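Top line first, the protein sequences correspond to chains A and B. Take the position in the first sequence, starting the count at 1, then add 1; the result is the number in this note's numbering. Take the position in the second sequence, starting the count at 1, then add 1; the result is the number in this note's numbering.
Worth flagging that the hints you see were computed from the coordinates, not collected in a lab. None of these values were measured; they are calculated from a predicted model. Cβ atoms here follow ideal geometry from the backbone N, Cα and C, with glycine treated the same way. One should not assume that every hint holds.
Cβ-Cβ distance ranges computed for the label pairs, FRET-style [said to hold, decoys possible]:
#: 1; chain 1: B; residue 1: G152; chain 2: A; residue 2: Q114; range: 19 to 25 Å
#: 2; chain 1: A; residue 1: D155; chain 2: B; residue 2: K242; range: 46 to 52 Å
#: 3; chain 1: A; residue 1: E124; chain 2: B; residue 2: V175; range: 28 to 34 Å
#: 4; chain 1: B; residue 1: V175; chain 2: A; residue 2: A221; range: 34 to 40 Å
#: 5; chain 1: B; residue 1: D155; chain 2: A; residue 2: L254; range: 55 to 61 Å
#: 6; chain 1: A; residue 1: V175; chain 2: B; residue 2: G152; range: 31 to 37 Å
#: 7; chain 1: A; residue 1: Q114; chain 2: B; residue 2: G217; range: 34 to 40 Å
#: 8; chain 1: A; residue 1: A32; chain 2: B; residue 2: R96; range: 30 to 36 Å
#: 9; chain 1: B; residue 1: G152; chain 2: A; residue 2: Q297; range: 30 to 36 Å
Number of protein chains: 2
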Amino acid sequence: MTPAAPCRVLTLSGGVGGAKLCLGFDTILPAGGQTVLVNTGDDFDHLGLRICPDIDTLLYTLAGLANTELGWGRRDETWHFMETLATLGGETWFRLGDRDLALHVERTRRSRQGQTLSAITAEFAANLRVASRILPMSDASVRTRVESSAGLLDFQQYFVRERCAPAVRALHFVGAEAAAPAPGLAEALASPALEAIVLAPSNPYLSIDPILSLPGLRLALRAAAVPILAVTPILGGAAVKGPTAKIMAELGLVPSALAVAEHYHGLIDGFVLDQRDAPLAPQFDLPVHVCDTLMQTLEDRQRIARSVLAFAALLRSAAKSRQ
Amino acid sequence: MTPAAPCRVLTLSGGVGGAKLCLGFDTILPAGGQTVLVNTGDDFDHLGLRICPDIDTLLYTLAGLANTELGWGRRDETWHFMETLATLGGETWFRLGDRDLALHVERTRRSRQGQTLSAITAEFAANLRVASRILPMSDASVRTRVESSAGLLDFQQYFVRERCAPAVRALHFVGAEAAAPAPGLAEALASPALEAIVLAPSNPYLSIDPILSLPGLRLALRAAAVPILAVTPILGGAAVKGPTAKIMAELGLVPSALAVAEHYHGLIDGFVLDQRDAPLAPQFDLPVHVCDTLMQTLEDRQRIARSVLAFAALLRSAAKSRQ
Numbered sequence: 002m003t004p005a006a007p008c009r010v011l012t013l014s015g016g017v018g019g020a021k022l023c024l025g026f027d028t029i030l031p032a033g034g035q036t037v038l039v040n041t042g043d044d045f046d047h048l049g050l051r052i053c054p055d056i057d058t059l060l061y062t063l064a065g066l067a068n069t070e071l072g073w074g075r076r077d078e079t080w081h082f083m084e085t086l087a088t089l090g091g092e093t094w095f096r097l098g099d100r101d102l103a104l105h106v107e108r109t110r111r112s113r114q115g116q117t118l119s120a121i122t123a124e125f126a127a128n129l130r131v132a133s134r135i136l137p138m139s140d141a142s143v144r145t146r147v148e149s150s151a152g153l154l155d156f157q158q159y160f161v162r163e164r165c166a167p168a169v170r171a172l173h174f175v176g177a178e179a180a181a182p183a184p185g186l187a188e189a190l191a192s193p194a195l196e197a198i199v200l201a202p203s204n205p206y207l208s209i210d211p212i213l214s215l216p217g218l219r220l221a222l223r224a225a226a227v228p229i230l231a232v233t234p235i236l237g238g239a240a241v242k243g244p245t246a247k248i249m250a251e252l253g254l255v256p257s258a259l260a261v262a263e264h265y266h267g268l269i270d271g272f273v274l275d276q277r278d279a280p281l282a283p284q285f286d287l288p289v290h291v292c293d294t295l296m297q298t299l300e301d302r303q304r305i306a307r308s309v310l311a312f313a314a315l316l317r318s319a320a321k322s323r324q
Numbered sequence: 002m003t004p005a006a007p008c009r010v011l012t013l014s015g016g017v018g019g020a021k022l023c024l025g026f027d028t029i030l031p032a033g034g035q036t037v038l039v040n041t042g043d044d045f046d047h048l049g050l051r052i053c054p055d056i057d058t059l060l061y062t063l064a065g066l067a068n069t070e071l072g073w074g075r076r077d078e079t080w081h082f083m084e085t086l087a088t089l090g091g092e093t094w095f096r097l098g099d100r101d102l103a104l105h106v107e108r109t110r111r112s113r114q115g116q117t118l119s120a121i122t123a124e125f126a127a128n129l130r131v132a133s134r135i136l137p138m139s140d141a142s143v144r145t146r147v148e149s150s151a152g153l154l155d156f157q158q159y160f161v162r163e164r165c166a167p168a169v170r171a172l173h174f175v176g177a178e179a180a181a182p183a184p185g186l187a188e189a190l191a192s193p194a195l196e197a198i199v200l201a202p203s204n205p206y207l208s209i210d211p212i213l214s215l216p217g218l219r220l221a222l223r224a225a226a227v228p229i230l231a232v233t234p235i236l237g238g239a240a241v242k243g244p245t246a247k248i249m250a251e252l253g254l255v256p257s258a259l260a261v262a263e264h265y266h267g268l269i270d271g272f273v274l275d276q277r278d279a280p281l282a283p284q285f286d287l288p289v290h291v292c293d294t295l296m297q298t299l300e301d302r303q304r305i306a307r308s309v310l311a312f313a314a315l316l317r318s319a320a321k322s323r324q
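Bound-form chain A, shown alone:
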């Protein structure tokens, strides 16, 4: 299945939260209509395997294979590999299901043969019949490291092993300064059909910032001359899931949608705010669209995706009328 349609939406996304909105776009646009630029700062080598948690979440979510009970990994999963690894004295703090493992083993094998992460990801997406284009943010290695109350931690040590318990003091994206964006990005940005660039409701610090830290990326996004919109990951002062609000507090910020918009200042043209935070709307210094951003059903995801497209259209026509 080769994506046929030109790119209409470029989404920057991390894992679970972002993937929900990506599924919304995926299901309302024709195949190829969405390109997702995915955070790879969480990637790591474990058990000798190359693991890309956010790419995998995107692949599984858009292929309809995600384990919605666990919130990670594949559905209909079994754990015989992991059970057996424990009997052999192997490390089991990062859980890999039997089906999930196939992705990691095959990616590692191809990677060792010299295939780039973007080529491997494109082939997996095709095999899994994913309609959107899934792009790792870069083919080069970028590794998020967490400066924390428990010292300098690799991301997965912080996130999975320590369950985000240590207080975050700063985040470092090791290798970002020398990492070029994935080759498919230029094509997406050059698409004449491009309507919007969307920062998905992922953790701004852990998931979106690694992408934005790539040299030249912000400029490239701005140069596309379409509205750049952020969808709030904060609803009523809390994150739907994950440590966003906790991290904001640890970084000395008030956990609010306003602080997220402030964080993206200079990059975004509009902000999608949750209706629970509607009273904050007048305090934003950029266009705001208010809607129910809680994504529980597929219909929710599609409704918000349509809202974002409508908001982008409004901003585009406003920009035109100003010309």
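Given chain A, put chain B in place with the hints provided.
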């Protein structure tokens, strides 16, 4: 569980057929009483994983985990990894079960960290509570290649992918000339309790010859000054399982126990012949012990192991009386 008893039997073995006799020794001797020197010529790298089929068969058989229905792999196995790998366009001709996979992933990881195959195998054996010592024949890479009617094939291509269909013209053990025997071998051979060295009823050409091809190995075995015995892999002109008889015919030999004994000429002191082949006994030019060598039950395995020990004792006392 550290093997406590000194080595009484050193067994040279390939996979399934040999492992049956090894289980016999394993269950009649105290822990540590048997050292198994295992063929690694069948080892290969597949899907980026280091796979050691004969070592694994020994580990699983002696740990009581072997899949006796399939004749390879682990019991209570599931195949979700393999099913999923197929959907990702991965290679599936060599089947790896979900539980089995843990061994390959963990071995590959440790191997990349610089642990030797013999150290890794010893730790796996301890974790799986295997009573015998399992030694890979060498920590260096030796790879069996099959010169065949279908060209030069890697062993697993010949054995699994081509199902032994091509006619064998010659066998090469690539790397053997520079491979030192595993470090534990000298210890086993120096054991004051050593009673016998046994060539298990494995394929002489595919499984035992790679071990015997290691430089200095034959001399080291002879220098131990205990009887070296071979247990026939051929019963009434046929192998119990596997391509032994087919290969013998392809190499221009009559598939018989006599030809196997001839193949081991100069190395062995005695031959364990199956009762079906008793009429051949007078034709052997070395001591022969005749018994039922078909191993269907655990009792069969133990009975033959005891027979071999008794035969070795007889040869030792005969040698003493000659002094």
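> Are E124 (chain A) and V175 (chain B) spaced within 28 to 34 Å by their CB atoms?
Replying inline: For V175 (chain B) against E124 (chain A), whose Cβ atoms are near 32 Å apart, the range 28 to 34 Å holds.
> Does the hinted range 19 to 25 Å hold for G152 (chain B) and Q114 (chain A) at CB?
Replying inline: Taking Cβ atoms as reference, G152 (chain B) and Q114 (chain A) lie about 23 Å apart, which means the hint holds.
> So the hint says 34 to 40 Å: do the beta-carbon atoms of Q114 (chain A) and G217 (chain B) match that?
Replying inline: Holds - the Cβ-Cβ distance for Q114 (chain A) and G217 (chain B), about 37 Å, lies within 34 to 40 Å.
> Is 34 to 40 Å a correct range for the gap between the Cβ atoms of V175 (chain B) and A221 (chain A)?
Replying inline: violated, 51 Å
> Within 46 to 52 Å or not, the Cβ separation of D155 (chain A) and K242 (chain B)?
Replying inline: At 48 Å between Cβs, range holds.
> Taking the CB of G152 (chain B) and the CB of Q297 (chain A), does the distance hold inside 30 to 36 Å?
Replying inline: violated, 60 Å
> Is 31 to 37 Å right for how far apart the beta carbons of V175 (chain A) and G152 (chain B) are?
Replying inline: violated, 47 Å
> Is 30 to 36 Å a correct range for the gap between the Cβ atoms of A32 (chain A) and R96 (chain B)?
Replying inline: holds, 34 Å
> Taking the CB of D155 (chain B) and the CB of L254 (chain A), does the distance hold inside 55 to 61 Å?
Replying inline: holds, 58 Å
Violation of the numbered hints given earlier is confined to hints 4, 6, 9; the remaining hints are satisfied by the structure.
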